[in-house]
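Following the hints, position chain B against chain A.
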Amino acid sequence: MTAAPPAVLGGETPELAAEAQRPGQWRRLPVKAKAGAVLLGIFVLAGIIGPEVSPYDPSYANPAPSLSLHPPDAAHLLGTTQSGQDVLSQLLIGIRMTLELAIIVGVVATALAVIVGVSAAFLGGLWDEVLSLASNVFLVIPSLPLLILLLGYLPQRGQTATILVLSVLGWPWGARVIRAQTMAIRNRDFVAAARETGESTWRILAVEIVPNEVSLIAANFVNTVLYAIGASVALAFIGVADLSSWSLGTMLYWAESQQALQLGAWWWFIPPGLAVALMGTALVLLNTGIDELGNPRLRDAIHASKIGGRRQRPADPTPVLHAAPPARSRIGSFAASFSRSSLLDDSNGAAGWQARRPGGQR
Amino acid sequence: MKFILRRLVFYLVAAWVALTLNFFIPRAMPGNAVQAIMSKFPNLQPSAYRALEALLGVGHPGSLWNQYWAYLDDVFHLNFGTDVIEYPAQVSTLLVQTIPWTLTLVGTATVIAFLVGTGLGIVAGWRHGGWLERALPGLMFLQAMPYFFLALILIELLAVRTHLFPIAQGYAGGLVPGWHWEFIGSAIYHSLLPALTIVITSVAGWMLQMRNVMITTIGEDYVVAAQAKGLPNRRVVFTYAARNALLPQLQGFGLALGFVVSGALIMEIVFSYPGIGLLLLSAVSSNDYPLMQAIFLVITFAVLIANLIVDMLLVAFDPRVRAREAA
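For the protein sequence lines, the chains are A and B, in the order given.
Note that our numbering has the first sequence beginning at 1, numbered continuously upward.
Note that our numbering has the second sequence beginning at 1001, numbered continuously upward.
Listed next, the stretches of chain A that the computed footprint assigns to chain B, with coverage defined by at least 3 CB atoms under 8 Å from CB atoms of chain B:
id	stretch
1	234-244
2	257-269
3	280-287
These are calculated hints, taken from the structure and not from any lab test.
Backbone N, C-alpha and C define an ideal beta-carbon position, used for all residues, glycine too.
Next up, chain A with everything else stripped away, as it sits in the complex (with noise of 0.2 Å):
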C-alpha cells in the first residue's frame, strides 16, 4: 500500500555502499518520508488531472430507478449514490476541493506564522510579550467549537469562507515553533556579522534567519494542511459547508445524511473516508521522515541502528559484529528485555558479554 520502491526495503549492506556511491537527495530520504512523498504526490495528481478524467458529471442524479445505488461496475468504477450519481466522479472532484483548499489554508496561515513568529523573537519587548500572549491564547482555545460559531454567522459558507477562517486560527502553533527558532538563530555570528556589516533588519529577517528555518516551516506548512483537512472534512460533515458543492466532507456528509452504510452502499462511503485517511497519513510520515532527517536517532533501527545483523539501542555500548545473540522469538526478547539486569548485558548474561568483547582493547 505505502507505495516504497523494493529497493529501499531490500538488505542494509548493499543500501550503505549504495548510498556511498549514489549521493542522490532521493535515496537519503528516510522510509517514512518517501512513502509520504509517494502517497501524497498519487492524490496531488489525481487533483491536478481528476476533474479533467472524471467521467461523469458530480451532480448530475441518473433518474433510472436501477442506477440508485448501484454497486460498482465497469459503466460506474466506483458505483452509485441513492440519486444516481457517479461516486468515482464525485471523488476525483472532491479530492480537488479538499487538497486545493488545504494547500491554500496550509500556505496562508504559515506565512502568517512565519510574519508573527519572527517578528515576535526580532522586534522583542512588548511585541514579543503580545504577539507570544496572542498565540499561546489561540492554542489553548478549542479550535472546532470557535470554527462553527465563526462559520455558524456567516451568511454563506462557500469555500472561500472556510478558507479564511481556518487560515485566520491556523498559524499559533507554527508562530510558537518559528519564534523559539528565530529567538535561538538571532544571537549567532552570522546574524551579528550582517548587522554590523549595516544591513537593514528587513534584509537580516529575509535573508538571513527564514532561509536558515526553511525545514522547520515546511513542517509547520505540512501540519497544517494536516489540520486543514480534518477541520474542513469535519465541518462539513456536521454540515457547516456549502453542501451543493463536492468535497471530500460534504460526500461523506451526504452519505451518513441518507444512510449509506445501514442501505449496505460501503462504496458510497468508504472511498471518500479512505481519501480523507490516506492524504493523513500521507502528510503524518512525510512529517516524521522530516523529523528523522533532522534527528537520525528517531530513524527506524532498519535504517539507523543495524550493525551485523543485529539492533542497537542508542545506549547500546559500541557493537562487537561477528557475535549475534541466540534467535529469541519476539515476545521472549521483549520480556526480557525488562528482566535483565542492566542494558549493558547482552542476552547472554554478563559473562557472554566480557567474553565477547576483543582482547585487543582490555
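Just chain B now, kept in the frame of chain A:
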C-alpha cells in the same frame, strides 16, 4: 505558588479573550441571527421580528460598552438566555443536562488514551526498532482517519452486524435516568464503543511523541550512568528515563486537549450520544445562535480548567519548576 499564579493569570486572559470573541463575533458578522431565523421559518409574521430581536438580545439596546458589561454579568451568573428552538427552555438547563455525559465519556477516554499511548511510547522508545515501532505507520493511519469515519465503521462492524455493542444513544430506551444500577450499567455499556473510538484514534499521537522524547532521553548521560551503576532495567526505564520524558508529554497534553475535545464532539454526533456535541449539532443545524455561543464558552472553559490542572501536575512532577519558584 508563583508559577501556578502566573499560569492562572494567563488562563484568565485566555478566558477573557474567549468571552470577548464570543461577544463580538455575532456583532461583527454580516447578516444577523434574526434574519436567519426569519428566513428559515417563512410562515413567521413580520411582527415576530421584534419579538425575536428582544429574545436574542440583538436589538442592541444601549451603547456597545453597556452591552458588553451586561453580557459579562449574564455569563458570570450563568445566564445564557433563552433557547430559540426549544423555546421556553433556558440554555443553561440544556447545558446542565448534557455536560455530565460528555465530561464522563470524553474525560475518561482521553485519560485512558493518554496513559496507554504514553505507556506504549515508553516501550517503543526503549525497544527502539522493535515490533511495536514497526506498527507505528499502521497506528498513524488510524490516527489520520477522521474520528467519525472510524466510528461509523466500528458501529457497522461491532454493533449492526454482530450486536456486540449498542448502536447509538447514551442508555437503553425506556430507562429512567437516575442513580440506580440498571441505568448506570446501561450507560457504561453504551459508552464502551464511543470510548474505544476515541482511544484508538488518539493513542498513536501520544505514543509517537512519547517515543521520540524517550529515544532522546535514553541517550542522556544520566541514563547511561544509571545503567552503569547496575540498576535493574525496570528502574532505569521508569524512574530515570520515562519520568523525565514525561514532562514534555504532559505539557503537550494540555495543548492537545482542544483537538481531542473537538474530535470527541464529532464522535458524539455519530453515536447520538446525549452530550454537548450532539447539542452543538442541533444548534448548528437549526441556527440556534445563543446555544452555539454558550457551548463554545463551556468547552473553552473546560479546556482551560483542564490545562490549569495539567500545570499543577507539572509542578508536582518537575523539580525544576519548583526550584525556579524558590529562587
